[in-house]
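Trainee: Here is how the chains run, residue by residue.
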Amino acid sequence: MSGPGVTLGELAARFGARLHGDPDVRVARVAALEAAGPDALAYFVDPKLRGALRGTRAAAVVLREADLADCPAAALVAANPAAVFARIAQALHPDPLRAGPPGVHPTAVVEPGARIDPSAWVQAHAVIGAGAVIGPRAYIGPACVIGEGVEIGADSTLAAQVTVYRGCRIGQRVSIHAGSVIGADGFGLARDDDGRWLKIPQLGAVEIGDDVEIGACVTIDRGALRDTVIGEGVKLDNHVHIAHNVVIGAHTVMAGTSAVAGSTVIGERCAIGGAVGILGHLRIAPGTRLNAFATVTHSIDAPGCYASGTPLQPVEQWRRNWARFKSLDAMARQIKALLQRVAALEADRKGEPKGK
Amino acid sequence: MSGPGVTLGELAARFGARLHGDPDVRVARVAALEAAGPDALAYFVDPKLRGALRGTRAAAVVLREADLADCPAAALVAANPAAVFARIAQALHPDPLRAGPPGVHPTAVVEPGARIDPSAWVQAHAVIGAGAVIGPRAYIGPACVIGEGVEIGADSTLAAQVTVYRGCRIGQRVSIHAGSVIGADGFGLARDDDGRWLKIPQLGAVEIGDDVEIGACVTIDRGALRDTVIGEGVKLDNHVHIAHNVVIGAHTVMAGTSAVAGSTVIGERCAIGGAVGILGHLRIAPGTRLNAFATVTHSIDAPGCYASGTPLQPVEQWRRNWARFKSLDAMARQIKALLQRVAALEADRKGEPKGK
Amino acid sequence: MSGPGVTLGELAARFGARLHGDPDVRVARVAALEAAGPDALAYFVDPKLRGALRGTRAAAVVLREADLADCPAAALVAANPAAVFARIAQALHPDPLRAGPPGVHPTAVVEPGARIDPSAWVQAHAVIGAGAVIGPRAYIGPACVIGEGVEIGADSTLAAQVTVYRGCRIGQRVSIHAGSVIGADGFGLARDDDGRWLKIPQLGAVEIGDDVEIGACVTIDRGALRDTVIGEGVKLDNHVHIAHNVVIGAHTVMAGTSAVAGSTVIGERCAIGGAVGILGHLRIAPGTRLNAFATVTHSIDAPGCYASGTPLQPVEQWRRNWARFKSLDAMARQIKALLQRVAALEADRKGEPKGK
Numbered sequence: 522m523s524g525p526g527v528t529l530g531e532l533a534a535r536f537g538a539r540l541h542g543d544p545d546v547r548v549a550r551v552a553a554l555e556a557a558g559p560d561a562l563a564y565f566v567d568p569k570l571r572g573a574l575r576g577t578r579a580a581a582v583v584l585r586e587a588d589l590a591d592c593p594a595a596a597l598v599a600a601n602p603a604a605v606f607a608r609i610a611q612a613l614h615p616d617p618l619r620a621g622p623p624g625v626h627p628t629a630v631v632e633p634g635a636r637i638d639p640s641a642w643v644q645a646h647a648v649i650g651a652g653a654v655i656g657p658r659a660y661i662g663p664a665c666v667i668g669e670g671v672e673i674g675a676d677s678t679l680a681a682q683v684t685v686y687r688g689c690r691i692g693q694r695v696s697i698h699a700g701s702v703i704g705a706d707g708f709g710l711a712r713d714d715d716g717r718w719l720k721i722p723q724l725g726a727v728e729i730g731d732d733v734e735i736g737a738c739v740t741i742d743r744g745a746l747r748d749t750v751i752g753e754g755v756k757l758d759n760h761v762h763i764a765h766n767v768v769i770g771a772h773t774v775m776a777g778t779s780a781v782a783g784s785t786v787i788g789e790r791c792a793i794g795g796a797v798g799i800l801g802h803l804r805i806a807p808g809t810r811l812n813a814f815a816t817v818t819h820s821i822d823a824p825g826c827y828a829s830g831t832p833l834q835p836v837e838q839w840r841r842n843w844a845r846f847k848s849l850d851a852m853a854r855q856i857k858a859l860l861q862r863v864a865a866l867e868a869d870r871k872g873e874p875k876g877k
Numbered sequence: 522m523s524g525p526g527v528t529l530g531e532l533a534a535r536f537g538a539r540l541h542g543d544p545d546v547r548v549a550r551v552a553a554l555e556a557a558g559p560d561a562l563a564y565f566v567d568p569k570l571r572g573a574l575r576g577t578r579a580a581a582v583v584l585r586e587a588d589l590a591d592c593p594a595a596a597l598v599a600a601n602p603a604a605v606f607a608r609i610a611q612a613l614h615p616d617p618l619r620a621g622p623p624g625v626h627p628t629a630v631v632e633p634g635a636r637i638d639p640s641a642w643v644q645a646h647a648v649i650g651a652g653a654v655i656g657p658r659a660y661i662g663p664a665c666v667i668g669e670g671v672e673i674g675a676d677s678t679l680a681a682q683v684t685v686y687r688g689c690r691i692g693q694r695v696s697i698h699a700g701s702v703i704g705a706d707g708f709g710l711a712r713d714d715d716g717r718w719l720k721i722p723q724l725g726a727v728e729i730g731d732d733v734e735i736g737a738c739v740t741i742d743r744g745a746l747r748d749t750v751i752g753e754g755v756k757l758d759n760h761v762h763i764a765h766n767v768v769i770g771a772h773t774v775m776a777g778t779s780a781v782a783g784s785t786v787i788g789e790r791c792a793i794g795g796a797v798g799i800l801g802h803l804r805i806a807p808g809t810r811l812n813a814f815a816t817v818t819h820s821i822d823a824p825g826c827y828a829s830g831t832p833l834q835p836v837e838q839w840r841r842n843w844a845r846f847k848s849l850d851a852m853a854r855q856i857k858a859l860l861q862r863v864a865a866l867e868a869d870r871k872g873e874p875k876g877k
Numbered sequence: 522m523s524g525p526g527v528t529l530g531e532l533a534a535r536f537g538a539r540l541h542g543d544p545d546v547r548v549a550r551v552a553a554l555e556a557a558g559p560d561a562l563a564y565f566v567d568p569k570l571r572g573a574l575r576g577t578r579a580a581a582v583v584l585r586e587a588d589l590a591d592c593p594a595a596a597l598v599a600a601n602p603a604a605v606f607a608r609i610a611q612a613l614h615p616d617p618l619r620a621g622p623p624g625v626h627p628t629a630v631v632e633p634g635a636r637i638d639p640s641a642w643v644q645a646h647a648v649i650g651a652g653a654v655i656g657p658r659a660y661i662g663p664a665c666v667i668g669e670g671v672e673i674g675a676d677s678t679l680a681a682q683v684t685v686y687r688g689c690r691i692g693q694r695v696s697i698h699a700g701s702v703i704g705a706d707g708f709g710l711a712r713d714d715d716g717r718w719l720k721i722p723q724l725g726a727v728e729i730g731d732d733v734e735i736g737a738c739v740t741i742d743r744g745a746l747r748d749t750v751i752g753e754g755v756k757l758d759n760h761v762h763i764a765h766n767v768v769i770g771a772h773t774v775m776a777g778t779s780a781v782a783g784s785t786v787i788g789e790r791c792a793i794g795g796a797v798g799i800l801g802h803l804r805i806a807p808g809t810r811l812n813a814f815a816t817v818t819h820s821i822d823a824p825g826c827y828a829s830g831t832p833l834q835p836v837e838q839w840r841r842n843w844a845r846f847k848s849l850d851a852m853a854r855q856i857k858a859l860l861q862r863v864a865a866l867e868a869d870r871k872g873e874p875k876g877k
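Chains as they are written, first to last, in the working numbering: chain A, 522 to 877; chain B, 522 to 877; chain C, 522 to 877.
Please note: incorrect hints may appear among the correct ones.
Given that identical chains are not distinguished, each listed pair holds provided it fits within a single copy or across any two copies.
Using 27 Å as the maximum straight-line C-alpha spacing, the simulated DSSO-like pairs for lysine-lysine come out as follows [to be verified]: (1) Lys857 to Lys871; (2) Lys857 to Lys847; (3) Lys871 to Lys569; (4) Lys871 to Lys847.
Please keep in mind that the hints were generated in silico from the structure rather than gathered at the bench. Quick caveat, the model's predicted, so the values are computed rather than measured.
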């Protein structure tokens, strides 16, 4: 390629899309349909944005065959426009964290025995513990604290202020955002005879597979006696809490502020909404979907989509229904009794002569 | 003013209150009604504290006209005692973080091209990225990480350990508490054909208006293709999670651990309780109030107060009601059928001769 | 003791267990039943793991008298196996953070007037504010920020990236995990006449008793006019949020992501599950237990176990029940009316001659 950006022809060939339009037109960036200018590529999948598609000034749009008629610009036709767009966006917008040359910042502290690949970045005020291993092209952002013996795989990124406790192992191409804490002690307590709580030492670690993405302020506790395991390709949004001994299967996603209690095993390719809570020692079947706000109190054997909770209402109406919830069991029993009494009345009526 | 503290006469004049009592009495600090001594100013608005008002040893109390009779001390009478008290407390207790002289701590790292106003504080181990702009009298606390090209407005305060990612813009008089993360990547994923998740680069930023206060361990994600926007005067409590592309209108408040999913637009002057969850792509009308624990699954067009959830009960009772919730629809249908059957019985009875 | 590990005889004597088996066998570490080898000690309390007990290759197992028959190895018999195991595990696995010699790392910043006990550890890039006091054998981990005048008691541990704001007091043997923030401003606001929010200065501090354990990314806000108080022996899991003025009684435990709003007083020895929310200005009786996901909107006077919430269901079923919740009050009134109408029909029938 020459000149700024990439030609549509090149994008079509490289990302497996079918081009409608001039293959020599160049795009330099991606943008939303309504904000895209003549140097930008947009995408369309959400029918609610059809108006924005029709009015876009983008150079080209990634979309499905069926939406071609509504596109006033060139189009890259694909069966999965979001995936094609994600790949093109990654190519047009390379990671800004790695713009500078690699190396260890002079203010970083590297303890004895740590091995840092020469192609890795260790930024200002980072601390690399004794015996830690930082892989090729890994990026350890400012003020990260990497404990003793930690392993960080190739091409992984810890944005800033991430703490990884001793002995945890992080795979390749993993991304962890600021404020997250990997490998703090699990909440392991034994009740003593006088009712006080004794700490049970947490002797496992955390193992994070390849291609995992972890948001900001996420906590993943180390295991008590074995490891907490995050499978490859798992994506965890901000503020997620994963307790000790939890195992999360590959390619499962979990949205913001969800929490999983200790020793629960979540299968592969689950899709877990935001603010979901899952009790400990459960098993969640692979492929399970959980709506936002779901509270999971028992294992799920059959994949499917599950939910719990009550609807939002104006507070005066809600309060009346809310109060009635306390009588729900009584109501059910009243209904059952009514059914019997009405049936008796009906039987009685049938026994009577019709009419007069 | 001379001597320690401020006279009541001066406070009355400066903060627009009407004084009952000696204008020459001095107060040096604010305190709670029950803890205040003769150098302290207290305030009274909560009727449950009327006993504490009657017994206070404070030099003076800020209160409403109607409560004057219960006040054994001098009084500063105001229509909005809490607001007057807040202003006086701010005046009597200046920000301790700015007690020392401004300047850049020798252990701070300032990357090339960053511009730091000479009246600003940059504390120990802070990192200021290339091209960042730190405004007059801004305070960048210990171990904060300020990304490339970030702008921090005049008089803003980042207490400690705050991360602001590249390109985010923070207004004037903004306060951000420790552990908060501004501008991490949003949770933007595209599902690939094989079920794996592809990252969609997050190319927007975060824009935070003037006079915003952000608690500890808050996360506000950068937008995907446009900015995430926090309007002026917004107040976010600890652990709040704001996803990508969200827009929060001016002067909206949100209590601890609440979360807003991607692309939702919240109007101005909303009051959102703690532990509230709001799904993505919704619109919340200006002035909406949401009770603590509300789960919002659809847009709110009419301002008002909304809630969801069920009441707390002793667990044995709760479990019976909880189980019945699964049959709520069946119960409703049974009631409907009963209504018909009873109506039929009643009609039948009417058709019969009265009495014997 | 000599040689690696400790003899079973020594453990039995030191930790008050009764030994079944060879007192000269040595164990070097603890492990789970299924993973333990011949140098390891395991424990058994959960009946679901009886199969693992029967198949264990551990050198010895801590268990109850009643389970002795199922144990193929030596046994340390105790009435409270979990507590005995916790104590032995602590003895066999000493704190790895204190493995090196104490002292202040050269990159740490110690402000004037701070007093650091010579037996304490202050790790890389930590910041110790003016006048702070760090007690004997305390461990201040990498990148911790300790504010002005803070007191940290003997043998306390701040793992890494912990911020403690000015004036907060932390007892002895306290453990705080990474990313936690102690003493940020409470969410104290007064509504001004124009609807804007004014900050009320937060002038109290946080007081944390002895033997408290605090997880990762926990926030405990400083009091408004008095202190927020965490009683001795309290255990708070990750992401817990404690608002200003809250008082938590001794030996209360609170699991992950739970939150307590301002000024609530929680009694001693409560057990609070995960994702629990407690409104402000409430009183929770000592010994209260709250199930995970409970939402507490009123004070609890009688200790007991409480819960709230609805069950998880397949989404199609849930949606029907969810929608009916809006009519719960109407349903209750319909049932009441039906009861009256059916009673009237029954009375009517009784007034009739039987049969024909």
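Trainee: Under the constraints set out in the numbered hints, which ones does this structure not fulfil?
Mentor: Violated hints (numbers, rising): 3 and 4; every other hint is consistent with the structure.
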